[in-house]
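A.B. asks: What follows is the residue order along each chain.
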Amino acid sequence: MPAADTIIELRDVARHYGAVRALDGVTFSIGTGECVGLVGHNGAGKSTLMHVLAGTGTPDRGSITVNGAQQGGYAVEVAHRLGVRCVFQELSLCPNLTVAENTRISHAALKGWGWNRRAASLIMGKLDEIFPGHGIAPGDVVGDLAIGKRQMVEVARAFTVTDEPLQLVILDEPTSSLDAHTAAQLLAYVRRSVAAGVSCILISHLLGEILDTSDRIVIMRDGKVVASDAATAFDRDRLVATMGAAAVHERAAAAAAEGPRSTAVMVSARPPGEDSAADLVAHEGEIIGLAGLAGHGQTRLLIDIFDAGAGRSGGLTVAAPVALVAGDRQTDGIFPLWSIAANIGIRSLNKLRRGLLLSRELETGMAEDWQQRISIRTPDLTNNILSLSGGNQQKALFARALGSDARIILMDDPMRGVDIGTKLEVYDLIREEARQGRTFLWYTTETEELSNCDRVYVFRDGRIVAALDRSELTEEKVIQSSFAEAAP
Amino acid sequence: MTPVSLSGTAAPARRPLHPLRLLRTLLPALSLILILAAIAYLNPRAISYFGFNLMLNLAIPIALATLAQMFVITINELDLSIGTFVGFVGCVTATWLHDQPLLGIAVLAGGVAVYAGLGVLIHLRNLPSIVVTLGMSFVWQGLAILLLPKPGGKAPDWLLGMMGLKPPFVPFPVVAAIVIAVVVHFGLMRSSYGAVLRGAGGNGQAIDRAGWSLLKTKMIMFGLAGVFGVFSGLALIGITTSADANIGNGYTLLSIAGVILGGGEFVGGRVSPIGAVIGALTLALAASPLLTFMHIPPDWQVGANGIILIVVLAARALLGRRGG
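Chains as they are written, first to last, in the working numbering: chain A, 1 to 488; chain B, 1 to 324.
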């Protein structure tokens, strides 16, 4: 790397959380106008590295050099002044403020008369530039926006410029809540700004995104950088192999033969939108995919089915107990103050009772059982759930649903921000459970995941516009039905 | 063409929720109008210049205390000492501020400083504000009793003159309420730093990561609570002309109810200064005038007041669920 072009360089940076070595001597640099893809398992240290770069986490040792000058007390303010922005994996917008007010939060220069108008035009200009047709207004309160739109606002905000320069944007799973279309808009914009001289670090579990967008790819494992090379030197298999994931799992889905399809109907539902092309029907032991652009009624229908399962709404047929695996795990999934074991056990309290009281041993027993089955990485299940990395938190939510008495499992885009190793493990688990007669309804924004499904319903504007069996399922068809407004 | 269909798909439904959201925003004002209508129906003569002066007189100190509480609630804390603080300020006003103005001003400024210091303490030591302010409520009460063991004292003349203003056409309490609400609205809801202050309640971590000082926001918000507590105590003594150590005790819960009635929420930085002032006016009207006109005996008035509060809050929760 030519030194003149390097904007940030980390040398031998280490950071420990108790006994966990989140970063174990990382040396990393990024040049002007370069897009670096950063991949690795959950818990490989990517997020910690980003926090160090953004100034929100101080390393235990090592040095940080920006624009050739060694930084003594590197902190958030310094990073801001030097033009380093970060889009964190957990959304960092204030839900009670409007889109424009959230823009002001990250720009100290937006003050004085008319700041609100200036902030509004700043963020709207950037949203229009990155996501044409985004449908967001500057006066919208962020908490009212769907998670995908919140992510769009946050990404656009990172690219806005006032008086501080923009040198480096760190995007930590920026597409995790975006549908394929908006994700493509974003990645195209990343390429444009990199061409204009802005540097970018892209963290993603979607290897296709990384391969297509990055100039260089850095792979982390166990708190260390294990490989760094031009993106063209990698392909999917080499990435997976270097990350240390089990590549052999690939496409086991295709091998799973067509299972029993004349079993009992477990769910029969019609979305509230008029003139759907089909009713959603799920038989026992089937895995049903819900596809389409994000926010087109998939989650709504899952919640309706969930309510019907709890006897709270009519009009739907739900023949067995239901459990939901939430996708927006921070708001809908975890109990942030509880231990891992308590988070797993909450759906099965009746089973964990001894007399009138809950039994701590039964709860821990259940949690340990599931820790073994899906390898939740933690030294102690009584630790707080937030001590887990994102992917492992999601595993705990799976354990909560699968460990319960539910025969129908609803999944609301549960693989957001989950690394590929974990995903492959969970896919296997889902197929295994389906073989044993459980029914899965699986909303996903990742088209690849649909190949695990027996049948896929494509949603648009709250309606089902297509029902595709596994044999006729292709990515093109899904995308076509998601968009085709005037298709013949 | 694809671009056309794209913009069509990418502008989904949020706007249709607006009528309910609007209704929810207007609910504080609607409840105030409802109470006024009830009073007008029961006693048409109350709806007059002097009627409002009488009925809303005590609403000004309540509104100021409610705003003080609102600042604290904005940053997800709760102040259980505001009532006794107002009482303490009242005792200082009726004694030292009257006899030795400089000492009085210094003590009141000291009270504000203590409030700001509480914000620092709560933030740095990560203490629950309920516990800290509950403790402080006994401190203020004790100081007030030391200062004024028996009801008495005298309000400074300038204060009496100010609270006794009789502006043309519009009664003074109404003018004061509007001025207070508008000033705080612009300060907290429209100023650029106000967005940061509210953001600290919405997502403190995000504010921290954007390079703002959370300590400073807590200090400012608690400091403002102290300032408005002082204003509330001054206004109260300007009306009652003398003080009593227990004079403000009811304000703690009234102020919390006023904030919630006005559309605020306990957590998440969702507050509304205009709503809070309206909430305080509603509480003041629903407290004694309405119930007296309804010929409800004083023994039952407190309970009836509580029921009115529950009805309004229930309506708000109902609208909130559908609109949210």
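Among the hints, erroneous ones may be present.
Label pairs and their in silico Cβ distance ranges [stated by the list, open to error]: (1) B:L22 with A:G125: 38 to 44 Å; (2) B:V131 with A:E432: 46 to 52 Å; (3) A:P336 with B:A317: 20 to 26 Å.
Hints listed in this document are in silico derivations from the structure and should not be mistaken for laboratory results.
Cβ coordinates follow ideal geometry from the N, Cα and C atoms, glycine included.
A.B. asks: Does each hint hold? Answer for all of them.
C.D. replies: Hint check results:
Distance hint for L22 (chain B) and G125 (chain A): a CB-CB separation of about 28 Å, inconsistent with the stated range 38 to 44 Å. In this structure, V131 (chain B) and E432 (chain A) meet the distance hint of 46 to 52 Å, their C-beta atoms being roughly 50 Å apart. For P336 (chain A) and A317 (chain B), the hinted distance range of 20 to 26 Å is satisfied, since their beta carbons lie about 24 Å from each other.
Going down the numbered hints, you'll see the structure goes against just number 1.
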